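Chemist: Take a look at the letters that make up each chain.
Number of protein chains: 6
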Amino acid sequence: MRLQISTWPEIEEYLKSSTGVIVPIGSTEQHGPTGLVGTDAITAEEIAWEAGKRAGILVAPTFNVGSAQHHMGFPGTMTLRPSTMIAAITDWVLSLAHHGFTRIYFLNGHGGNVAPIATAFADIYARRALDNADESFRMMQRNWYELPRAEKLYGELYPVGGGSHATAAELAVTFAAYPEKEDTRQLDPKIAPVGTITDKHHYREQFPDGRIGSDPSQARAEHGRQLIDVAADDLVKEVQAFFAG
Amino acid sequence: MRLQISTWPEIEEYLKSSTGVIVPIGSTEQHGPTGLVGTDAITAEEIAWEAGKRAGILVAPTFNVGSAQHHMGFPGTMTLRPSTMIAAITDWVLSLAHHGFTRIYFLNGHGGNVAPIATAFADIYARRALDNADESFRMMQRNWYELPRAEKLYGELYPVGGGSHATAAELAVTFAAYPEKEDTRQLDPKIAPVGTITDKHHYREQFPDGRIGSDPSQARAEHGRQLIDVAADDLVKEVQAFFAG
Amino acid sequence: MRLQISTWPEIEEYLKSSTGVIVPIGSTEQHGPTGLVGTDAITAEEIAWEAGKRAGILVAPTFNVGSAQHHMGFPGTMTLRPSTMIAAITDWVLSLAHHGFTRIYFLNGHGGNVAPIATAFADIYARRALDNADESFRMMQRNWYELPRAEKLYGELYPVGGGSHATAAELAVTFAAYPEKEDTRQLDPKIAPVGTITDKHHYREQFPDGRIGSDPSQARAEHGRQLIDVAADDLVKEVQAFFAG
Amino acid sequence: MRLQISTWPEIEEYLKSSTGVIVPIGSTEQHGPTGLVGTDAITAEEIAWEAGKRAGILVAPTFNVGSAQHHMGFPGTMTLRPSTMIAAITDWVLSLAHHGFTRIYFLNGHGGNVAPIATAFADIYARRALDNADESFRMMQRNWYELPRAEKLYGELYPVGGGSHATAAELAVTFAAYPEKEDTRQLDPKIAPVGTITDKHHYREQFPDGRIGSDPSQARAEHGRQLIDVAADDLVKEVQAFFAG
Amino acid sequence: MRLQISTWPEIEEYLKSSTGVIVPIGSTEQHGPTGLVGTDAITAEEIAWEAGKRAGILVAPTFNVGSAQHHMGFPGTMTLRPSTMIAAITDWVLSLAHHGFTRIYFLNGHGGNVAPIATAFADIYARRALDNADESFRMMQRNWYELPRAEKLYGELYPVGGGSHATAAELAVTFAAYPEKEDTRQLDPKIAPVGTITDKHHYREQFPDGRIGSDPSQARAEHGRQLIDVAADDLVKEVQAFFAG
Amino acid sequence: MRLQISTWPEIEEYLKSSTGVIVPIGSTEQHGPTGLVGTDAITAEEIAWEAGKRAGILVAPTFNVGSAQHHMGFPGTMTLRPSTMIAAITDWVLSLAHHGFTRIYFLNGHGGNVAPIATAFADIYARRALDNADESFRMMQRNWYELPRAEKLYGELYPVGGGSHATAAELAVTFAAYPEKEDTRQLDPKIAPVGTITDKHHYREQFPDGRIGSDPSQARAEHGRQLIDVAADDLVKEVQAFFAG
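Residue numbers (the working numbering), protein chains in the order written: chain A, 31 to 275; chain B, 31 to 275; chain C, 31 to 275; chain D, 31 to 275; chain E, 31 to 275; chain F, 31 to 275.
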């Protein structure tokens, strides 16, 4: 059940049986020569939508531009300053809380979002602490690629060159969503270098085509469908436990 | 051409022939008993995508939660505080400008966004004025329903009960995108009342089911397809003139 | 009745019979070779003061520097970043609300202020929506030159070259206030060019002496007195209806 | 020479011989049962205007709402949050600096503004320090009642009951500007109590009619004219030295 | 009693008999060729700790980086933008208030902090005023070198060359804390020049070695012990009166 | 070498051979019935100071109040809103960068700071990316208890009941610094419960005396000395590699 393609009476009805919601959150940033700029948003929303469909869980719109300053050396990348991101997450969360949602679960597709999301949560909790707000209210975040079965399948599919940015797994999920964009070209080097990242200058020097540690030529739309399947399954279980907790 | 389903080398290539981009901007807010919460985002993106496809114009991700405080009395509505919205628009624009985009065109689906967008533009220009930035750089916004042929067709299709919120025209466009959500139920009253709006309390008192002045039972997916067609046509022309200006 | 030249017991007394107040809001920006930099503030306050005198309506101090980044190419122009303007309007409004004012009417003299004012209103309403504030409270804005009789008289006085910036009508009102500054010099070109505006560079290129579409040599102090008279009359009526609403 | 009643070519001309400007800054806050709410703004602007007239010094518009939270227990008081005040002063100063002004002198009428003004100056200087801005640029502030001859005359006119808020001297200056508001009523107690101030609750408990230490029944419009005369004289000297420094 | 070296049950116990706390606040900035960069923080904390020990008063952690933009021309200086400083002081104060502290006393070691601290206090009070918070709650600040006996002793010890920055007195206090840093070198000129300060460029031009008006070669650790002794004594009295007020 | 107890010429000298600096960062928050409120600041600064002494590395003042909203249910805890924390870290970093420091290493003592620190780094890098700043400049953070030999020793000393908040290891380090505060009382339960944390209400319900998973009765000052020794050793190596990188 997607919030954006529901009517308000449908949401009113939903709130009678559940006060939980999933927010897919991604990024708009380069994913190597063969990966889509929207990969992190697309992966999060595809998996969230599938879980929503299977278990009748509400899915909010996708937070589609995140914290990606280190990718700004590559055209097409968009970034929020983290201070803006915190303000925006706060408004999304408070809007939902306003209607009575008490469990907000962010399904994240981008490692660089983890700290700003955690910081936004702390900011929201801190304001509530200073204001002496007392009611029960919880937020949590999860990277989709750390859902247990997704992580396992991912390791089995790509034992070598799975990578940490522009990974075969995330590209596979986007190819499942947009099969016409499946691109299995061999890149040079086959497996991208690994290392730490700081800012955009350092990034592009170290990782000239944008990939980190990955060989995305292995990605197939079919893998993506399998990954969505197991991840959605895990997600339903975790979300239901969180909503009930 | 959609930014999110392009690779960074494709964007690099695009920038060689054009430095213009369309940003669809909408809202996540109630649209009456039969309209979708995401109507304003869906309409803007459907038309932008169609124009992008026809003329090879780049379309950024959709800015999907806007300024909708007056709809907060209805479950499902999400709003940014305008101060957050200005910060977020600023970051989106500066990200695009960073890569060399010099013409940023916002295609808007929500009247309540017009002032915050204009204010964000003024803020961006003001910082540049105070910083003595000199280069040529332009932003503009347009409501899709004010594109001339869309406005004309809209008047012809719904001479009575077109309305100003949860309009037959905007619902028709969303039904074209999601035909399974077409809902032609007669509402009571058939045509919603009209009036001015201030905050959420006042809004719900005056417009109890969320509509203003509209009879959305007239909306048909087929109308939506026609509206998308003429609006996309107008949009291509206006955007090309803006990019060239 | 002007707030700044009243004592606090007089305001306390006023609040027993009315909880409405007018805030004149203008700008400090170039108005062509013969117009005053303070035109937009002076026009708003002259008309508000006259209405206040006629009907015993309270008039707050004038918000005299507004959003004028596009005029920064001309010496003397001052501008607030819109984000500052929103913060300041918020504080003015919350201060007045604190004392029990529930109807705040901004009489505006500058088109560039319309979006930031609307955005500030939305921000104030949004915070109240998220905080679940319930009481009745309303703000509105009006450009003085759109008050019906002012607009009509303006069209009659200057059927040609009325213009949209540094207009004959606004200069006439300032000449009524400061007759020693009446300047009826013919400018070259007699009628300034028209066009759209973006930032300060673009503005000065397109409109080298600062005027847009106007022939201000037609402005006379006597016209200004007539404009103040009819505008004040309209203003009293509109404000009384708003306060009562 | 007042900025608001000058044209932009007049400001352009002025900048050829001087890059200094005076900004009157006051407050909109209660001044006891007989004093005007706008006292601190009126006193600063009357003295600045007189100095401007005598010596051809440019005077910016009046910053008329300041930091007055401690007076909010009395109707009519308006306050900026200090964080807003800092942002607004920053924008005023940067606007003037943009046109080439390098000496900005704030003539202040309200003790509660001193810290926020100093803090705004430090913020402006700090941003410049962090940005490595190198050019010469100076700001200063002065309370008009500390100009030497004003302070002396003030002591001679009111040896007893001069006070520290709603003082006889400041009321006298406003009565010179608005003689119809001269109010020489004896108050009870004749001389208001003295003490420290914190917030609005504490203030009203300690100083029930708003005055601190003053007997404003001594104030006369004629005194105000004398105070304006000597203060303007001092101001011209101090400002000319600052501009030249 | 120091907050940082207490356990939470000890603080809980403390709050049963007192709701007051001292916050030492300093700066990290150059103090001439022989003075420590941390002088203003060290002096405030040494005196606060001694008072805390003598009278069982709770001392919060030291706010150790303040407003020092004008010293940024000298390596090692660190500064907060005043807007950041206001936010941080607000959070410190609200945290303490959250636990029931109602008297927050800032013992300050740096003149440049006075305005930002006062502004932060006004901001906190202003938010409370606009929110209609009603409870009793007070903040105050004091420069340690203005405590009466400290000021007197300081004058006796250094009748000539006491100075206003990098003073003999403040260096003496730091030498009492860190005797190995006692440095009694004669500087050239023996007594530093005096003058006004604006920004970092102006500062270093006027005061090339960082001192203002001082001859710190007179400072001795033994003087510092005497200054701490009398200042702590004064502080206990003033703080106890404030807590009881 | 500590910044606060150095003179500015000493810092100038230091910068000739190194442009790196360590910033200890902690928190002021409850650490169970026997642990100090300042534990996280004390541990970070003790280890940083020791490393600084051994290898002549500069250590900045300690950032002593961090992000601790979830501990606000226990008296004595102080917290920054994360948005304030980001602003303050930004100012500290920009101040140091201003003098030519290009490697800023934060040694952290509090898990709750990790996300805000990472977010502040991303904000600083993002502003630089949007501003096109090009120079080499790096920040990194490390939790002291994840330095390899510290982590190993910690596991050997406390194979059972090491815990994750108010741990035996961190208490031991503070007891080394303040031996008079060594408290080896057995608590009830001996080992505290484990679980996830969200906000202050949830925290105190789950962990009534503040500890998570720990048996701090095992902590000894002597252990603390050993931990400081090995951690400082690791720190020197890691920092030297970072500065050279």
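Warning: the hint list may mix true and false statements.
[Said to hold, decoys possible] List of simulated lysine-lysine pairs, DSS-like, C-alpha gap at most 27 Å:
(1) D:Lys211 <-> C:Lys83
(2) A:Lys211 <-> B:Lys182
(3) C:Lys211 <-> C:Lys267
(4) B:Lys182 <-> A:Lys83
(5) C:Lys46 <-> C:Lys182
(6) C:Lys211 <-> D:Lys46
(7) D:Lys211 <-> C:Lys46
(8) E:Lys211 <-> F:Lys182
(9) A:Lys46 <-> B:Lys267
(10) B:Lys182 <-> B:Lys46
Note that these hints are calculated values from the structure, not bench results. Quick caveat: nothing in here was measured; it's all calculated off a predicted structure.
Chemist: Indicate, hint by hint, whether the structure satisfies it.
Modeler: Results for each hint:
no.: 1; hint: D:Lys211 <-> C:Lys83; verdict: 15 Å, holds
no.: 2; hint: A:Lys211 <-> B:Lys182; verdict: 37 Å, violated
no.: 3; hint: C:Lys211 <-> C:Lys267; verdict: 31 Å, violated
no.: 4; hint: B:Lys182 <-> A:Lys83; verdict: 38 Å, violated
no.: 5; hint: C:Lys46 <-> C:Lys182; verdict: 36 Å, violated
no.: 6; hint: C:Lys211 <-> D:Lys46; verdict: 22 Å, holds
no.: 7; hint: D:Lys211 <-> C:Lys46; verdict: 22 Å, holds
no.: 8; hint: E:Lys211 <-> F:Lys182; verdict: 37 Å, violated
no.: 9; hint: A:Lys46 <-> B:Lys267; verdict: 48 Å, violated
no.: 10; hint: B:Lys182 <-> B:Lys46; verdict: 36 Å, violated
The structure shown violates the earlier hints numbered 2, 3, 4, 5, 8, 9 and 10.
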